[in-house]
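S.K.: Here are the chains, one letter per residue:
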Amino acid sequence: MSLITPDFGLLFWMTLIFAIVFFILAKFGFPVITKMVRGRQERIETSIRQAKEIEARVEEMAREHAGMLEETRREQARILREATEGRKQILEQAREDARGEAQKIVDEARARIAEERESALRDIRREVALLSVEVAEQIVRKELSSDAAQADYLNRLVDEAVGKAN
Amino acid sequence: MKWFRHIGMLLSLLLVPLAAPAAEFDMDEYLYGHVSDAYEWHITTINGKPVSIPLPVIVRSRTTGWHCFSSHHLEEGSYAGFRIAGKGEDHEGKIVEDTPSGPVRPLDISITKNVLGLMVNSLILVLLVLFGTRWYRKHDAREEAPGGFTGLLEMLVMMVEDDIIKPCVGKDYKRYSPYLLTAFFFIFVNNLMGIVPFFPGGANITGNIAVTFCLALFTFLAVNLFGNRHYYKDIFWPDVPVFLKAFPLMPLIEIIGIFTKPFSLMIRLFANILAGHMMLLGVVAVVFLTVELGAAVNAGLSVLSVLFGVFLDILELLVAFLQAYIFTMLSSVFIGLSRQEAEPSKEE
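Protein sequence lines, in the order shown, are assigned to chains A and B.
Okay, so the first sequence: first residue is 19 according to our numbering, each after it adds one.
Okay, so the second sequence: first residue is 436 according to our numbering, each after it adds one.
Be careful, since some hints might not be right.
Claimed, not checked - The following residues of chain A were derived to be distant from chain B, with all beta-carbon distances above 10 Å:
(1) I42
(2) G57
(3) R61
(4) A74
(5) A183
Unchecked claim - In the DSBU-like style, the derived pairs of lysine-lysine whose C-alpha atoms are separated by at most 30 Å in a straight line are:
(6) B:K668 <-> A:K45
(7) A:K70 <-> B:K601
(8) B:K668 <-> A:K53
(9) A:K70 <-> A:K53
(10) B:K601 <-> B:K522
If you're looking for bench data, these hints aren't it; they were derived computationally from the structure.
Note that beta-carbon positions come from the ideal geometry of N, C-alpha and C, so glycine has one too.
Take these sequences, add in the hints, and give me the full structure.
M.R.: As structure tokens, then:
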């Protein structure tokens, strides 16, 4: 029966020992561990929250960045398009200018050619006139080499002059 | 074929009895000697001579006052009027004082085997926990987690707190957490040390009713000293029809319930650990009991008993943890019940 009858001595010592163990462990043992672990849990929770916030911010920034990139790309495209247009315009302009210049040069050349021809014709005409006068002189001189011819000629001239006067 | 030959050899050995019959094996003494308390710590017996550690006996006689002496004085019989009561007497195995009116039990607070075991185990527990918490003084636990022994201790502590104490006790669990953790580790360490077969383990501490009584008493105090108004109202004036209260049936049941709860804690731990020790001892006893049956039977059954012993030892490891767990959990539940707030009144 001694197995199921608590012994006073053991009860006494057990109470004492358990009380001491409880005092020591409750003061220096378990609260240290639980407090530290709770602190760490809190820390982990705040860290996770912070990480989430940071993640959100990073996402925001990434979105912003992507937006900026998009805008930049659009801007670039616009600039490129404008540049292309400008080049085309400049080329067009240059072509136009060149055409005008060429036209002018051609016109000028044409005018000059016409002028040259004019002056050449004038020269030829004068030359022809001089030549004909000379030829006429030669002819006249040959016809008037005899006196009879001279007299004849004079008569005719007089006739003519009289005729004119009439 | 090979097996048949082996079996044949064993069978032939069976017929050879061991030459020297062993001394009469006293099963009762063997079992109860191992699981009960003693005034000396018997370690082993070499060549028929018991090797044991004598322990201090502290007794107070009604007539002659305090006495304190080493227990080895009691080996030869009586010392200063004190002796250990023999078989069949009252207070068998305990110190009695011979007085003219017969043997009387003195006030006995001797450091017995269980007390020494308790002291050693408690020292081990305190040192382990304090050693485990040393890490926290040198490190910032917010920034890093401990490894090694501290990590193991932390894991155990947090398992008990998060899985048992927090859900069972409820919102002000932090107040009870140190006690419940102490109870858990105290029981756990003592259970484990009880399985260790040699000194300083092997004392049947948590399988001793005084120890479990004391533990249950602490839980009883924790439950009833800090119970709230709702708890006591539920005991003395529960929410039941008046005729159950006028004739105080329900209060009676509830008051009995106050005591049966810790009582069940006490018996559960005590019986489980005692039974575990008994089973292990019984399995080991097979080795000694079968000596007379011949070498083959003895050898065969010894192998079997060792295998069973290994199995039971592993089972006891589980039980050591489980009983600590259950004691802590039920204590938590009882405390939680005493801290329950009144349910919002039902509106009909």
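S.K.: At 10 Å, judged by beta carbons, does G57 (chain A) keep clear of chain B as stated?
M.R.: Answer for G57 (chain A): violated, closest chain B Cβ roughly 5 Å.
S.K.: Take a quick look at R61 (chain A) and tell me if its Cβ sits farther than 10 Å from every Cβ on chain B, holds or violated.
M.R.: violated (4 Å)
S.K.: Below or equal to 30 Å on CA atoms is what counts here, so check K668 (chain B) against K45 (chain A).
M.R.: violated (33 Å)
S.K.: Would you mind confirming whether the straight-line C-alpha gap from K668 (chain B) to K53 (chain A) stays at or under 30 Å?
M.R.: violated (34 Å)
S.K.: Take a quick look at whether K70 (chain A) and K601 (chain B) sit within 30 Å of each other, Cα to Cα.
M.R.: The given pair, whose Cα atoms are some 28 Å apart, holds under the 30 Å limit.
S.K.: Can the restraint linking K601 (chain B) and K522 (chain B) be considered satisfied, given a maximum Cα separation of 30 Å?
M.R.: violated (50 Å)
S.K.: Beyond 10 Å from every chain B Cβ: check whether that's true for A183 (chain A).
M.R.: holds (146 Å)
S.K.: Can we confirm that no CB of chain B comes within 10 Å of the CB of A74 (chain A)?
M.R.: holds (24 Å)
S.K.: Examine each Cβ of chain B, and state whether all of them lie more than 10 Å from the Cβ of I42 (chain A).
M.R.: With a cut-off of 10 Å, I42 (chain A) comes too close to chain B, as the shortest Cβ separation is near 5 Å.
S.K.: Please work out if K70 (chain A) and K53 (chain A) have their alpha carbons no farther apart than 30 Å.
M.R.: holds (25 Å)
Hint check: violations occur at hints 1, 2, 3, 6, 8, 10; the rest are consistent with the structure.
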